[in-house]
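> Take a look at the letters that make up each chain.
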Amino acid sequence: MTLKTTLKINGKDRTLDADPRTSLLDALRNHLDLKGTKKGCDHGQCGACTVIVNGRRINACLTLACMHDGDEVTTIEGLGTPEQMSALQDAFVRHDGFQCGYCTAGQICSATAMLDEAKAGWPSHVSASLGDDVSLTDEEISERMSGNLCRCSAYPGIVNAIRDVARGGAR
Amino acid sequence: MNQHLKMDRPQDDVIGTMAQGVIGTAAPRRDGPVKVTGQARYAAETGTGAEAVGVLVRATITKGRVTGMDSDAVRAMPGVLSVITDKRLLRNPAQGTANAAPVQDPGQVAYFGQPIALVVAETFEQARHAAQGLKVRYAAEEAVTDPFADTTEVERPEAKQTEQGDLDAAMTAAEFSVDSTYTTPAQNSAAMEPHASVAEWDGDRLTLHGSYQMVKYNRNELADSLGIDPANVRIRAPYVGGGFGSKLGIAPEAVAAAIAARDLGRAVRVVMSRPQVFEATMRRSGTRQRVRLAADADGRLTGIGHEARVSNLPDEAFSEPVTMATHFLYAGKNRKYAHEIARVHRTCAGSMRAPGEAVGMLALENAMDELAHAAGIDPVELRLRNIPDVHPENGKDYSSRRFADCLRDGAARFGWSARNPKPGQVRDGEWFIGMGVASAARGNILQESQARVILHADATATVETDMTDIGTGTYTILAQIAAEMLGLPLDSVSVRLGDTDFPPAAGSGGSWGAGSAGSAVFLACQKLRQSLADMLDTDPSELTLRDGTVTSSNTQQSLADLLSEDLTTIGHIEPGETSETMQHAGFGAHFAEVAVNAVTGESRVRRMLGVFSAGRILNEQTARSQCHGGMIFGIGAALTEDMVHDHRDGHIVNHNLAEYHIPVNLDIPQLDVVFLEERDAWANPLQSKGVGELGISGAGAAITNAIYNATGVRVRDYPATLDRVLPGLPDD
Ligand code: FES
Ligand code: FES
Chain A
1 MTLKTTLKIN
11 GKDRTLDADP
21 RTSLLDALRN
31 HLDLKGTKKG
41 CDHGQCGACT
51 VIVNGRRINA
61 CLTLACMHDG
71 DEVTTIEGLG
81 TPEQMSALQD
91 AFVRHDGFQC
101 GYCTAGQICS
111 ATAMLDEAKA
121 GWPSHVSASL
131 GDDVSLTDEE
141 ISERMSGNLC
151 RCSAYPGIVN
161 AIRDVARGGA
171 R
Chain B
1001 MNQHLKMDRP
1011 QDDVIGTMAQ
1021 GVIGTAAPRR
1031 DGPVKVTGQA
1041 RYAAETGTGA
1051 EAVGVLVRAT
1061 ITKGRVTGMD
1071 SDAVRAMPGV
1081 LSVITDKRLL
1091 RNPAQGTANA
1101 APVQDPGQVA
1111 YFGQPIALVV
1121 AETFEQARHA
1131 AQGLKVRYAA
1141 EEAVTDPFAD
1151 TTEVERPEAK
1161 QTEQGDLDAA
1171 MTAAEFSVDS
1181 TYTTPAQNSA
1191 AMEPHASVAE
1201 WDGDRLTLHG
1211 SYQMVKYNRN
1221 ELADSLGIDP
1231 ANVRIRAPYV
1241 GGGFGSKLGI
1251 APEAVAAAIA
1261 ARDLGRAVRV
1271 VMSRPQVFEA
1281 TMRRSGTRQR
1291 VRLAADADGR
1301 LTGIGHEARV
1311 SNLPDEAFSE
1321 PVTMATHFLY
1331 AGKNRKYAHE
1341 IARVHRTCAG
1351 SMRAPGEAVG
1361 MLALENAMDE
1371 LAHAAGIDPV
1381 ELRLRNIPDV
1391 HPENGKDYSS
1401 RRFADCLRDG
1411 AARFGWSARN
1421 PKPGQVRDGE
1431 WFIGMGVASA
1441 ARGNILQESQ
1451 ARVILHADAT
1461 ATVETDMTDI
1471 GTGTYTILAQ
1481 IAAEMLGLPL
1491 DSVSVRLGDT
1501 DFPPAAGSGG
1511 SWGAGSAGSA
1521 VFLACQKLRQ
1531 SLADMLDTDP
1541 SELTLRDGTV
1551 TSSNTQQSLA
1561 DLLSEDLTTI
1571 GHIEPGETSE
1581 TMQHAGFGAH
1591 FAEVAVNAVT
1601 GESRVRRMLG
1611 VFSAGRILNE
1621 QTARSQCHGG
1631 MIFGIGAALT
1641 EDMVHDHRDG
1651 HIVNHNLAEY
1661 HIPVNLDIPQ
1671 LDVVFLEERD
1681 AWANPLQSKG
1691 VGELGISGAG
1701 AAITNAIYNA
1711 TGVRVRDYPA
1721 TLDRVLPGLP
1731 DD
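Keeping their order, the protein sequence lines are chains A and B. Be aware that the first sequence starts at 1, since it is given in the working numbering, and climbs by one per residue. Be aware that the second sequence starts at 1001, since it is given in the working numbering, and climbs by one per residue.
For the record, the hints were derived by calculation from the structure and aren't laboratory data. All figures in this text were calculated on a predicted structure; none of them were measured in a lab. Every residue, glycine too, gets a C-beta built ideally from N, C-alpha and C. Among the hints, a few may not be true.
Claimed, not checked - Derived contacts from chain B toward chain A, CB cut-off under 10 Å, selection only:
1. R1029
2. Q1039
3. R1041
4. S1273
5. V1426
6. E1430
7. M1535
8. L1536
9. M1631
10. D1667
As the list claims (entries may be wrong) - A short list of chain A residues far from chain B (calculated; beta carbon distances all over 10 Å):
11. D13
12. R14
13. D26
14. N54
15. D69
Claimed, not checked - If you anchor each label on the Cβ, the simulated ranges turn out as follows:
16. A/E83 with B/G1021: 21 to 29 Å
17. B/D1070 with A/L62: 26 to 34 Å
18. B/Q1670 with A/H125: 37 to 45 Å
19. A/H125 with B/D1296: 50 to 58 Å
20. A/G55 with B/A1457: 46 to 54 Å
Working from the sequences, and respecting the hints, build out all of it.
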């Protein structure tokens, strides 16, 4: 048995006719040739599969593709290309915010959505108060990025890259 | 046209006389743009999408035999193509550089979670469902799983029980002494990319796209496992999502994929699940270590003892070489080592980042801290006083060693003089604050390597070698070496890696990759310089190559004009007498400031500095990132990482990333890394030393020493989780 699902991925309608057990992550990787999104655990424990669905970052391994009919999905491929990188992608290269690169798509999708969350004033666990504007201190960045594991441990570079972009750093 | 060098003598600094000025710089990673945009293809992502998908089935007993399985029922499930129980399937991965098949035959179970079959189906969802539904019958046997039980069988390899002088007498005569026992738990490399292989046959020829660190060896291991000629095996691994030792040897998924692809006449993809990575690849052995230190009234060591128990499966040759750095780091006439291997039915033990030093230096450097406290000597000063002139056991000289400078320089930069030597004195609200120091040392190794360099007629160059880049920066570093030697802008050099069709290199492991493969590139370029000099009828030392321009005594021309055709060379480096005549190692010092919560016992690293002497640094940025990685592994080892085995059947309880706690972003402050200027003429012609593992050596001990300074709690059982700190905290 298969189910037909239409997703708007990186601005384009993509239709998929797949086993209903197919996760959004496996749909991207195995059915839609969008292999930039990575599988690190398949259990919602590492963040490598982070994509942006209707403006919010989620773990694509924890949700079934067929639950997203009509949803807008942004993956790493939708953020930039090697020739035209997004500000965050460029900053990750400049600050060495990765080593093996396997967690990187997830880090960058996560950071992209995180910057919007901060702009919208969402507090985090380390925020001093719930009401004030969020200023992205290193601690705020680290806390908000702690759902994205990096075993290469590029954390210092990841924080530097995100801080750079959050403060409007040069491309 | 080849250039060969056996390292029998120290080498002049040739690359330092070049003019391009790119070696050592923080050139950004060349693989960066494809990685940050999701274009780099890792092993599981190769192929057309038409591959069949295999899922490994795990044993749910600890030891015994598989007596049967309901394969027919599973074969009847939708999409299922095959259930494979071939005798060639692997029990566990090959050990690093094994070059031959590991133990095979999945019908014999030696540990809980061992792969016993592969279920192949049209889709991942079908294969996973069928694999989970496969009913297996076993004849289970009693199994020993506890490495520290009195009844466990223990091996004591003769060569690893060594003694010099009389340690017992030194302990008795000592003014100050330490006799402490430490334990470190099992750990997992937990690379973010799970082990993955896509196998594809063309007649008798197999191509495997795999996530592997050492494809030269992996090719032979795969061929031997399958019983075929290595000439018929090609392995490709252009991008590897981290390894840390876990991908040194061919692993069960590769052999399973190859067998299935052959049987089905179609490409097959097998990716381990995260729990399988924990259970069926390699663990770092847990250890129990007794360290004895004897010192005179001035804190000068008169004796060192380091006795360790580690564990592995029966018949596995690897055993965690715990005492490696203890042999050469500190002085002391009387020395004693013991090494015990408990034979247990747990997941195979193998290499994980800095096997030996990563755990051995925790105990040694904690013991040094205990000695400093007992003797009332500053821990930095104590270490400085005990730096030997020559190797304390074999009398060899050190190839290069700015160990004392690392300690002094680090102490000054870190503000060490502000540390209160009395534990438990500094408070910041509900936090106890402390500082700790530990030394770092990691043996430096050169391995045989080859690389091809093609200097194209249009004054660009291509480097080709089967060396891998597992996040270490190989693509970038090899380009820098070639660009420096040939006087080309970095952008004019392309680098192709991770393919057994290219000349064989040492692979990524043992921190030898950059020095070994890099030396091969260097040698090839040296030959190319000779060819250019011949064309101009001059000596290579008279040539200045820069930005594609060739300058010799009184002529200047563009390299493209000089070249009428492509020139191809292979550089070939081999270790030689210098490996024997000198003691080779990188050195360093870690300084950490830690806050320990007075209410909960939670420890947080506030700041950390690593100062290293590691020969010539080939790329300042990638080297720094390697050291960050090592130091953060050290933070994980000190505070959170603990792979727990169930005492009843030895199964791994926390075989996932939610319960095996690697450090997350918020656990890590900004880290400082400083490289001291150093050249090592005895190491290799680049005069570099490895950095991939140096950063982890001692790092965790600096943190636990800081916890002691903060609180007076001496954690001797790693990791320093809340329950181990809280009971000993001073009363408020
Ligand atoms: S793969 Fe989805 S969180 Fe790890
Ligand atoms: S870059 Fe390798 S896991 Fe993050």
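> Going through the numbered hints above, which ones does this structure break? Give me the numbers in ascending order.
As far as the earlier hints go, 5, 6, 7, 8, 13 and 18 are violated by this structure, in ascending order.
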